[in-house]
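J.: One letter stands for each residue in the lines below.
Number of protein chains: 2
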Amino acid sequence: MAKKSAPDTTRRSEKSRRAIYAAALELVGEVGYAKTTVEGIAARAGVGKQTIYRWWSSKADVLLEAFLDLAEQTAQDAGQEPYATIPDTGDLAADLKAVLRATVDELLDPRFEVPSRALAAEGLVNEELGRELVAKLLEPSLQLYVQRLRSAQKTGDVRPEVDPRIALELFVSPLAQRWLQHTGPISYEYTDTLVDYALYGLAPR
Amino acid sequence: MAKKSAPDTTRRSEKSRRAIYAAALELVGEVGYAKTTVEGIAARAGVGKQTIYRWWSSKADVLLEAFLDLAEQTAQDAGQEPYATIPDTGDLAADLKAVLRATVDELLDPRFEVPSRALAAEGLVNEELGRELVAKLLEPSLQLYVQRLRSAQKTGDVRPEVDPRIALELFVSPLAQRWLQHTGPISYEYTDTLVDYALYGLAPR
Chain A
192 MAKKSAPDTT RRSEKSRRAI YAAALELVGE VGYAKTTVEG IAARAGVGKQ
242 TIYRWWSSKA DVLLEAFLDL AEQTAQDAGQ EPYATIPDTG DLAADLKAVL
292 RATVDELLDP RFEVPSRALA AEGLVNEELG RELVAKLLEP SLQLYVQRLR
342 SAQKTGDVRP EVDPRIALEL FVSPLAQRWL QHTGPISYEY TDTLVDYALY
392 GLAPR
Chain B
192 MAKKSAPDTT RRSEKSRRAI YAAALELVGE VGYAKTTVEG IAARAGVGKQ
242 TIYRWWSSKA DVLLEAFLDL AEQTAQDAGQ EPYATIPDTG DLAADLKAVL
292 RATVDELLDP RFEVPSRALA AEGLVNEELG RELVAKLLEP SLQLYVQRLR
342 SAQKTGDVRP EVDPRIALEL FVSPLAQRWL QHTGPISYEY TDTLVDYALY
392 GLAPR
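Protein sequence lines, in the order shown, are assigned to chains A and B. Residues 192 to 396 (this note's numbering) are what the first sequence spells out, left to right. Residues 192 to 396 (this note's numbering) are what the second sequence spells out, left to right.
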């Protein structure tokens with residue numbers, strides 16, 4: 192992220208960039224997506240509007256990057272690297288449970304919750320933004336599950352005819368729906384249960 | 192639904208009630224929940240504001256009832272009774288697939304889609320409305336799955352230690368998330384697959 196040339200300018204830029212991310216996330220959490228403007232973000236961040244337009248083309252762009260950065264920061268603060276891949280210890284259930292527990296922590300982090308919810312809400316009614324959120328934020332993380340499930344198919348832990356892109360939804364979507372729509376509490380016990388049900392099925396073996 | 196007494200007044204009331212429901216659903220789809228007002232609904236329905244306040248206490252109340260009515264109408268137009276219970280033919284997979292296929296039809300019906308999405312979006316950021324939507328619209332239909340899964344536990348088709356309220360999320364939540372967040376296409380084939388994965392599990396048997 193940091194640029195090599197002109198260290199003073201870079202430090203100043205880095206500071207502005209952080210201030211802009213923080214302002215964008217605060218504003219969208221407070222007033223919602225529709226009422227968040229590039230002007231409002233600039234004013235709160237203490238920068239000129241042109242500073243924002245130099246780096247980003249729209250408020251949607253600023254917010255998407257601010258979110259990617261927030262997810263990185265949250266993971267680092269929790270002493271984790273943001274997952275670039277899902278661990279493969281050979282124990283599929285344990286690996287999925289570990290990643291879902293980290294997701295529970297993230298979803299319950301208030302820094303994450305308020306702006307995420309505001310952006311997700313806009314994504315429901317604004318199809319263009321919704322598709323961008325999915326393509327840039329959601330789908331890349333879902334593809335990590337696809338890879339882990341494919342590797343489990345190679346070791347015989349998942350049936351070969353299963354479509355991994357659908358299979359992952361059995362444990363990811365319930366958590367997403369409870370969190371998004373307040374349809375129930377979320378906890379480690381809950382996500383552990385989802386993984387067990389999905390892997391072993393509801394019907395007796 | 193039709194009242195017995197005073198046929199003329201009743202017919203007039205019934206007509207106003209339908210006009211108010213239609214106006215409320217149209218408006219929320221067009222301008223979103225926040226900008227929908229009782230005044231706007233009244234103007235579009237061609238009734239006085241007081242007519243609305245005589246029957247409902249808030250725009251949230253009007254919209255919730257308009258939705259319940261829409262779900263009933265949609266089911267009737269499709270030649271179905273709205274499900275008061277999930278069929279129990281003794282074939283759990285077939286019963287769940289039938290109900291989910293009917294849900295796919297409903298979610299793809301444009302009359303349903305636009306206002307549902309607007310109301311769901313508001314429910315994400317307006318926790319009070321969100322909880323009311325869940326309690327009045329979503330949870331009652333989820334409880335039908337709980338009953339069907341309990342009956343399947345009695346016949347030995349679902350493991351006795353499974354919590355039915357969590358189990359149903361394995362096939363309901365993926366469909367909800369794909370529809371709400373545009374994370375993937377929805378079809379009969381997709382929901383059939385969800386039921387098979389949930390019942391028999393991802394791991395080999």
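Careful, some of the hints might be misleading.
What the hints assert, rightly or not - Listed next, the stretches of chain A that the computed footprint assigns to chain B, with coverage defined by at least 3 CB atoms under 8 Å from CB atoms of chain B:
no.	stretch
1	229 to 239
2	340 to 351
3	365 to 377
4	386 to 395
Stated by the list, open to error - According to the in silico footprint, chain B covers these stretches of chain A (three or more CB under 8 Å from chain B):
no.	stretch
5	258 to 265
6	354 to 361
The hints are simulated quantities; they were obtained by calculation from the structure and are not laboratory data. Note that the structure is a prediction, hence the values are computed from the model and not measured. A virtual CB, placed ideally from N, CA and C, is assigned to each residue, including glycine.
J.: Return the numbers of the hints above that this structure violates; sort them in rising order.
T.: Violated hints: 1, 5; rest satisfied.
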